[in-house]
Each structure stands twice: as structure tokens, then as C-alpha cells.
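**Q** The residues making up each chain are set out below.
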Amino acid sequence: MTKKRTGVFVCHCGTNIAATVDVAKVAHEMAGEDTVAFTQEYVYMCSEPGQESVVQAIKDNKLDSVVVTCCSPNLHEKTFRDNAQRAGINNFTCEIANIREQCSWVHKDKNKGTEKAIKISRSVVRRVNRNKPMEAIAVPVTRRAMVIGGGIAGIQAALDIANAGVEVILVEKQATIGGRMLQLSETFPTLDCSQCVLSPKMVEVKRHPKVKLMTYSEVQEVTGSVGNFQVKVHKKPTFVDPDKCKICDDCTVVCPVVVPNEYELNLTSRRAIYIPYAQSIPASYTLDEEACLGLNPIVCGKCKDVCEADAINYDMLPETVTEDVGAIVVATGFDLYDQENMPELGGGKIEDVLDGLQFERLCSASGATQGHILRPSDHKEPKNVVFIQCVGSRDPAKHCAYCSKICCMYTAKHAQLYKHHVPDGRAYVFYIDIRSGGKGYEEFVQRTMEDNDTLYLRGRVSRLYRHNGKVRVLGTDTLSGQNVEIDADMVVLALAMVPSKGTTEIAQVLKIGRDKDGFLAEAHPKLKPVESVTAGIYLAGAAQAPKDIPETVAQAGAAAAKVIALLSQATLSRSPLIAKVRPSHCTGCGMCVDACPFIAIRLENGKAVVNEALCEGCGSCSATCLRAAIDVKNVTQLQIHEMIEACLAV
Amino acid sequence: MSEQYEPKIVAFLCKWCSSAGSDLAGVSRIQYPANATPITVPCTGAISPMYILSAFNKGADGVLVSGCHIGDCHYIEGNYLARRKMHLTMELLKFIGVEPDRFRMSWVSAAEGAKFAQVVTDFVNDLQPLGPQDKLKKAVST
Amino acid sequence: MINIQDIRDTARDMLAKGEVRAVIGYRRGSRGMLAEPAFITSPEQADELVWDPTCFHNLSLYLVEDRKFLAHLKKNSDAPIAVVAKGCDARSIVVLLQEHYFKREDVYIIGVSCEGSGVVDERKLAPLLNGFQASNAVFAGDDFVFTTAQGEKRLPAREVMADRCLECRIPFPKEHNVVFGEDKTGRELAAPFAALTRFEAQGAGERWNFWSHHFDRCIRCFACRSVCPMCYCDECVVDSITFPVTPATTAEEKANRIRWIERSATRSENITYLMTRAMHLAGRCTDCGECERACPVNVPIRLLNNKMEREAREKFGFEPGASIGGPSLVASFLDSDPGDFIR
Chain A
1 MTKKRTGVFV CHCGTNIAAT VDVAKVAHEM AGEDTVAFTQ EYVYMCSEPG
51 QESVVQAIKD NKLDSVVVTC CSPNLHEKTF RDNAQRAGIN NFTCEIANIR
101 EQCSWVHKDK NKGTEKAIKI SRSVVRRVNR NKPMEAIAVP VTRRAMVIGG
151 GIAGIQAALD IANAGVEVIL VEKQATIGGR MLQLSETFPT LDCSQCVLSP
201 KMVEVKRHPK VKLMTYSEVQ EVTGSVGNFQ VKVHKKPTFV DPDKCKICDD
251 CTVVCPVVVP NEYELNLTSR RAIYIPYAQS IPASYTLDEE ACLGLNPIVC
301 GKCKDVCEAD AINYDMLPET VTEDVGAIVV ATGFDLYDQE NMPELGGGKI
351 EDVLDGLQFE RLCSASGATQ GHILRPSDHK EPKNVVFIQC VGSRDPAKHC
401 AYCSKICCMY TAKHAQLYKH HVPDGRAYVF YIDIRSGGKG YEEFVQRTME
451 DNDTLYLRGR VSRLYRHNGK VRVLGTDTLS GQNVEIDADM VVLALAMVPS
501 KGTTEIAQVL KIGRDKDGFL AEAHPKLKPV ESVTAGIYLA GAAQAPKDIP
551 ETVAQAGAAA AKVIALLSQA TLSRSPLIAK VRPSHCTGCG MCVDACPFIA
601 IRLENGKAVV NEALCEGCGS CSATCLRAAI DVKNVTQLQI HEMIEACLAV
Chain B
1001 MSEQYEPKIV AFLCKWCSSA GSDLAGVSRI QYPANATPIT VPCTGAISPM
1051 YILSAFNKGA DGVLVSGCHI GDCHYIEGNY LARRKMHLTM ELLKFIGVEP
1101 DRFRMSWVSA AEGAKFAQVV TDFVNDLQPL GPQDKLKKAV ST
Chain C
2001 MINIQDIRDT ARDMLAKGEV RAVIGYRRGS RGMLAEPAFI TSPEQADELV
2051 WDPTCFHNLS LYLVEDRKFL AHLKKNSDAP IAVVAKGCDA RSIVVLLQEH
2101 YFKREDVYII GVSCEGSGVV DERKLAPLLN GFQASNAVFA GDDFVFTTAQ
2151 GEKRLPAREV MADRCLECRI PFPKEHNVVF GEDKTGRELA APFAALTRFE
2201 AQGAGERWNF WSHHFDRCIR CFACRSVCPM CYCDECVVDS ITFPVTPATT
2251 AEEKANRIRW IERSATRSEN ITYLMTRAMH LAGRCTDCGE CERACPVNVP
2301 IRLLNNKMER EAREKFGFEP GASIGGPSLV ASFLDSDPGD FIR
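Just so you know, the protein sequences line up as chains A, B and C, in that order. Going by our numbering, the first residue of the first sequence is number 1, and it counts up by one from there. Going by our numbering, the first residue of the second sequence is number 1001, and it counts up by one from there. Going by our numbering, the first residue of the third sequence is number 2001, and it counts up by one from there.
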């Protein structure tokens, strides 16, 4: 092996580095390294003349590798690798030694800072010494996308992707698309009807030639990686042929089974054969297999007998289909925090204590009461309604630490809606503080307080219980410092938003991370808000964090734009820094196979073989191998060994 | 002049969380001792116990391993594998009588610059009273 | 009680029918009473087989050796090889199977139960024989009976049994093709990890004094590695002289060996070697105790391996050699793995 000719370029970054690191000394020390053929310092290496000097120095000194000691590789690694390439050497022979963020900015003592900068630089010089030229791996792209979750986020993302001419598969777990938004009555701050704005989009999804809709279906397994995922989707049988179903409702009339209607949040009941809403897409009935007496004409068979369209088929089987897609948008939405977690507020057992979504259904023209606000216990109009904000939110000790963000607004909306329905009623709102950032939001809240005569009480509610046919609310008004006792006809809890049931499982299936609260984790809190940590998988809507409809729609559009950009490329380039097996040392024990999070390693003829399309280069295999028979390219154990030595050299 | 003893620390940082977290400490100009020299690896899951033993063998007074919080691993499972390996490594070190404070593992996210600085500060403070690590350190003939 | 004749009959029968290439078992050695590994390849030799309290070798080592020898000859195995295996030995075989070192059908496991007893520790026995050498040893219920020039000497088995046998939790080869002797799993001779618990009760300083004393004496003869069926690597990561050079080995590969430790048998290098070995055996060592027995300078290597075994068991619910199909200790994890130590 001929000796490397490494160039070390020490950046002053103005005074950012030079003030606390003796850059001349760093350059001098690096010049003493066996493999270093050239060193240079410059005030701003990333400036145009700085970059040119790097290119020139590589050419003039016949350098074959480069170390730039400067800021974090997250900033200028690409810059200098491009320069290396411009100068005619391989870009992967260029590495960054971070002596700014990890050194000069955090250590005032110049001697100590300089000493550490030398160690960091030396260890990177040693690493580069064994770097191999690499070419990025080109992977062909499947020009199709999948959107998981058919709420407003998923619908928007699917339409945006489809309108760009990319085929998209929209997978929804429930019998209809529409999600939470379809359950809402009106939306803040305009009070326009939720279904009225959503249903045209639902119809568009249904009719769009580029959208393949799969309702009553769940994603089961995902393999592959960015550009080429294989997704197994399990489609549950509805036992009703949507093409034949005329939605005449004859079947529900005869169905003898009555179960709580989850689409109406159990405020009403439905039959075993049902249609979630009048606006359901697909517009077809679904036979709930669990509730049905047995899918058997001998046992019941009434719905089948009565169906003139002959749409009911008891022999329909579940199907599993595999779809090849290049990108995935996850929009699995939210649930409300479980009332069982708050026994002091009745734990969900007090009648007339509703959650926000139940109240939406009471207000909704298509809901259980046809838009009349009637309390569930006696179907009378409530004259006293207490709305409680932050139930389960902003309570790190017992419940969710975060703010659910939309509750201030929808509570204000609820109070207004209530007052519109029951003008002589009294509305109270318990709040901690009002968060109404957003276009027209603050004005909306003010309208609730002033024009709609709602009494806002700043404080928490300590207890709810039944009392003389009413719900007694015990709370405090922290502004007046007094305890408050209200006998309410109805109480509405603005429960915290939590990731929807099944988010954990879908995150595992997709191999994407979740944050501390269980929401799907974005790749970077600021710069990659719609990307998941796994390339090619994007996030939209409340599955990522609590958010309102406009934000959800915006994020869905952003996710769609990312998908379209990704799929507009013929091939993708992947980092070539992936695992490599030394067959001479591999005994085929299979520990790397077990350790690999990406199922990228298999045994073939008693040796480990890496699937280059799947390997992400995490190195779990390498750390697990007992014989150093598998390494991540350019981050080999040999390189780390020499870096450790360099870090500890005096 | 009596100089304060300065422990030498090798800090293995995962690229996605802790190295980014230490970058944030830098961006936020949070000062901490200069004793820890970082080696950035793709993932804590890529850290072989051999690295820890070798660092001590080569004269480290302390070894820090830092990566993404559980559930946040860029590679989904790498930090789970690391947690198990590093537990075993740490237990073995303690078993033969190496001071427990010489090995430290910490979860530092990309957003936890202040935590990174604190982790290093605490580690240096805990190492100072222990003095140089000579149990595993290679005796060098000069 | 195991009747040795049954084992001999099985071996003879299989060899006569050509069902196995060879039977690896124990025979009377040339050194006093001690049994030694035997490679029986013809039916006539089957009567040489013995089973007594000195059968301490873990014969699974020879399955590894056989594999390497076949590889050297570039030959495939044409018939399985049979091996006599105690509980711990059979678990070693399971680990080897788990690591795909050979296939299950390549090995015929003749399991022998320790039947609530175990094998002798020569170092415990020597002082109790009044300077005489034993020429024979037999199981006799709770006792071992040794034949010396003075006649028969009956000793309580517990007094001369190896510590690992006293502490053994599963003295029965669960994985086997045929098994002899009664399963007495659950017998309590001493608490599991008793020696380890005693050792760990000491402070860090005492522990270090203990280990530094032993690490200083290690001569890095690698006997522990040679005798260990799990140390089957051609190249040991901590010993670059075992680097395997094949026609495919490039000059670069030769140059790029990692020198994790120096070859000199100094304390720091010995520590790094023995700790690395303990790490590499975590979840794989089945406590056959051969490393410690083979050590010429009495380094208590078993303690290190025991420590890892107990961590694996108590913290990760992992039992080495429990199942062929399961993942290995360090290639798997549980959500419940301890994380309290992480700040």
C-alpha cells in the first residue's frame, strides 16, 4: 500500500475557531503526521477563495485525500466533498474534523482547546488514511406512493400526489375515509361545516384515476427501503359488494343485532350491518363480522334475503395484497386521551360528561340528535354547560406533558355553537391560559367571550360528580382566588390529543421512530418536519403532533411535495457507507443477521452476505461480530482503533 | 505551579443524536471541560465493547458512550443493542474492580445541547477525584 | 445409575451399522484414574468407553476440531459424528448449532445425565488421597469411590466435586438423540453462582487486588482459548498471530490487522485479553469449566464467565444454550432491558 498524501486544511472561521484554538499549531502538528503531505490555514475555508485554494492545493500537491478541520460536517461536508471531486479525487476521501461546535465554541481555555483540536484533527487524519474511494449507490425508483390513513391529512396528501400524475394507494383502517374531520360539526375560526368542505375531497379521492382506495384495510408489513418499498396490506372483508350496493338501507332495518356506534362515539347504536355516515366513501354498507350472528343463512341471513341488489356475500374472504411503492406518507391521526385516566373527573362513567368529539356529534346536523344539543341522560336541552380545557394536557406529573394545541380553539368554538343552539343557556370555560395563535384565532376567542357571553374561569377543575340529576363541578378561579361550584347540565372535556391507537404498531412496521409522547418522530425538529427518520417515509397530520386542520393540510401538502420530488428522480443515490463482510473471517454464526435492524444480512453458503439495497450502514452488525468480520465501509474497526489511539496520544 | 489533574476521556457519539447534540452545545456556546475527545460513529449500536476496553487499554481515564434516546434511534434498534452490550461491558469493568465512574453512558438527543455539556461536566467532575486510570492502561516503555 | 454397557452397546451398534463416522467419548487414560477423550471409529473399540466422575472434558470441542479438520481436507461430512455429552456439554453443542457451526444432523448427541452428581475437581481431590494416586473412580450415590494403592477410598462427592457442578442448575442434556441416566434437574447441591456471590460481596478494591494478582500471573498461553469449544475462530481478535492466511488473503488484509492488544504477557494486555474473552463468551459460555481447568497458573477464569452468565440470566432473562433457534445474547434485546445505568 503506497502511503497516502493527505492535505489538511485548517479553517479559522474568522475568530470563531481562531480565537480559542491555535490554528497554526494545529496545522503544524498535522504536518508532522506521517501521511500528511500538505497543510494550509485560511480565514474562511468555505468562502469562494478558500474553496478554490483547496481545489488548487489538491491538484498542485497531488493529494489523494483531504481533511478539513472546521465546523460540523452537517454544514460543509458536502461543500468540501464536492471540491474534492472537482479537484479530481473521490469525494469519500474527504472528511471533516469538527473543531468549532465540538471544540472552539465550547472551550475558552486556548491551550486546552488547541490540544483537543489537535486530537480531533489527528484522529480524522488517521481515519482518512484508511478511507476508500466510494461511489454512491444508484437505486431505481418505483414511481408509486402509498398514504396510510384516510383522514384529511391522508386525503390531502393522496390528492396532491395524484394530481402530480403519480399513482397513489390510500389505505384506511375504517370502513370509510374521512377520519376525525368527518366527525366534526363546524370548524374554527370560520364555523364552516366540516363535512361540507371535506366531502368534495372525499369524492375526488374516490373518482381520481390515479388514486387506488383501500378502505377497511391495514398495513401489515413493510420491507425494502426508500424508492422501493414492498407493503403488504390486509384487506378485511366487508361482505358487501360496493359496486352492487344501492345504499337503500333495507339491510339495517332487518338486522337484529344492535351494537354501540363507534362512528358516533357510542352516543347511539348501529346494526351489525351499517354505513358509518351518509357521506361515507366508499358509499357502501359494511357487515361487522364480530357483531353479526354468524354470516350464515341458517343462523340469520336476514340482510342477504332482503337485499334486492344481491350485494351481500357471506363468503367474502380477507385478502392480503402486496403493493410496490417508492414512498410512503403516514397520516394515522389521533385519538383522545382516555377518560379512564382521570377518576377525579368521573373516569368516563358520569353520564352527561362528554368528550369534545362527542359534543361535535351532538352539534352535527348528521349526528345522533340531528344537530340538537340534548344531553344524553334525559334528552333535555342543557341550560348550563361547563367546558374544561387542558384535560390530560400540560400535566407532566400525571398525564401528558405537552399542550394539545387545538383545545383552546375548539372549546371556544363549542361554546359558540352551544350558544347558537341554546341562546338562553350559560356556558362556562375552565382554562389555564388561552393559546390562540393563528389567523383569526384570537378574534374568534374574543367573540366567544364577548359576543357569546361565555364565562371564562382561569383555573383547574378538581372534581366532577353526579348531584341531584346534575353534574357538580368543583373548581377554582385563580384570578379571584375563590373556589367555584357549578351544577352543570352537561360537561365537555377538552381531552388531550394522543397518537391514534395502533400508532406504536405502525411505527414498528414502518421502522420509524416515535417521540417521548408516542407521536411519530420527525427527522429534524426544524429542518425536516415532515420527514420521518427513515428515508422515503413522510409524516402528515396529528400522528406527528397535535395540530389543527389548516396545519394538517399544509403538512400533508408538504409531505406530498417531498414524495413527488423523490419520485421524480429516475434513480436515487444512497450512501455507499454500508456494511462489508470479510469472508475470510466470517464463520457464518449469524449474529449479524440477528442484530441487523433492516434484515439486510443473510447467510449464504455459510457466510454473511449484505443486501446493499437494504443496508443503512448503522454498524450494529460490526459491533456484534466477534471476529471483526463485518465492518461499515470507511468506519471500520481498524479505523476506529486508530482514532482511539489518536485521541489518547499525548 | 500545581496543575489540576485533567482526565482524558474518549467520547463515542452517535452521529444522529449526540454528535448533533454536542453541535448544539457549540452553537449555544455552552462551555464545558475540554477533556472529552469525540469520535463520531454511525450509531451507538456500532460501538463494540472492544472499543471501550481498547480505550482504557490505550490510557483513557474515562469512556463516554452517548446516543439517541430509546425509541429515537435513527436505525430504530441500534441503541437497544447498545444498551445491552454496554451494560455487560460496564458490569465486567466494575466486576474486576474498575471504578464505576470511569465508564458512562448517556442518551443525548440532537436537541439536548445543554444536557451534553452537563454530561461531560459531570463526568469530568466525577473522574477528577479518581486520578489517572492505570488498571487497564498499557505500560509504555520509553 | 448409568450402566456404561448401554453406552458401549449404542456406540457399537451405530458404528456397526455405519450410522456414524465415529463416537467421541471417554476412555481410561494413561494418567492415573483420569478419563481422557476417545475417538472410537470401529465397533470393537466400543468397549473402551467409560463413564465415571473424571469425565470432565467438554467433548464438543472435538466436534469443532473435526469440522476444522474436514475443512482442511476440503471434505464434507459423509455421516454424522456421535458425541457423549453431559448437560453443560450438550448446551455447548446447542450454542454451536445456534451459530450454524454445523448442522443438527451432523451430530448425534449421546446424552449422559449427571444424575444429581458431577465430575471431580482434581485440585480438590489431590490433598485428600494421602499422597496416593487413584487408578479408578466410580459414582456411588452421594459419594465417589476412588481406588488407590491403599485400597478403596470413599469420599462424599460434594467435597471433591468441581464448583461448577455443585452450582449447576441443569445437570441434564436436554438436547440429545439418546440419553442415559435419570434427569435430576432441580437438585440443590449449592446455590447457583455461589462462588460468584461470595466474590462479589467484596469491595472494588479487594476485587481489583484479587484480579490484578491473577492477571499478573497469566502467561497468555491461550490454553483457555484452545480448550474452549466456543473459541472456534480461526483468527482471535486479540491475537493477531492466529491470522489465517489463505490464497485469497490480500496483502492489504495482512497489513490491516487490528492490534487491539500487544503480545507481551503484561497485566494490561492480559486483562484486555481475558475481558474480551469474557465479553465474547457472554451468552455463549455454558460453564463447562474447561478454561479454568486447563489454566496452568490457576487464573479463576470461570468467575469472569460466570459473571456474564449471571448478568445475562438476571438482567436479560437469557440462558446460554437453551434453544437452537433463538438469537444470541448480544444480537438481541428486550424492551425491558435495564437502562437505569444510562444518564
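For the record, the hints were derived by calculation from the structure and aren't laboratory data. A few of these clues could be false.
[Stated by the list, open to error] In silico DSS-like cross-links for lysine-lysine, where the CA-CA straight-line distance does not exceed 30 Å:
1. K580(A) x K2254(C)
2. K112(A) x K1135(B)
3. K78(A) x K1015(B)
4. K501(A) x K516(A)
5. K246(A) x K236(A)
[Claimed, not checked] Here are some of the chain A residues that sit facing chain B, going by a computed Cβ distance under 7 Å:
6. K119
7. A291
8. D517
Backbone N, C-alpha and C fix where the C-beta goes; we use that ideal spot for every residue, glycine too.
**Q** Need the list of violated hint numbers for this structure, in ascending order.
**A** As far as the earlier hints go, 7 and 8 are violated by this structure, in ascending order.
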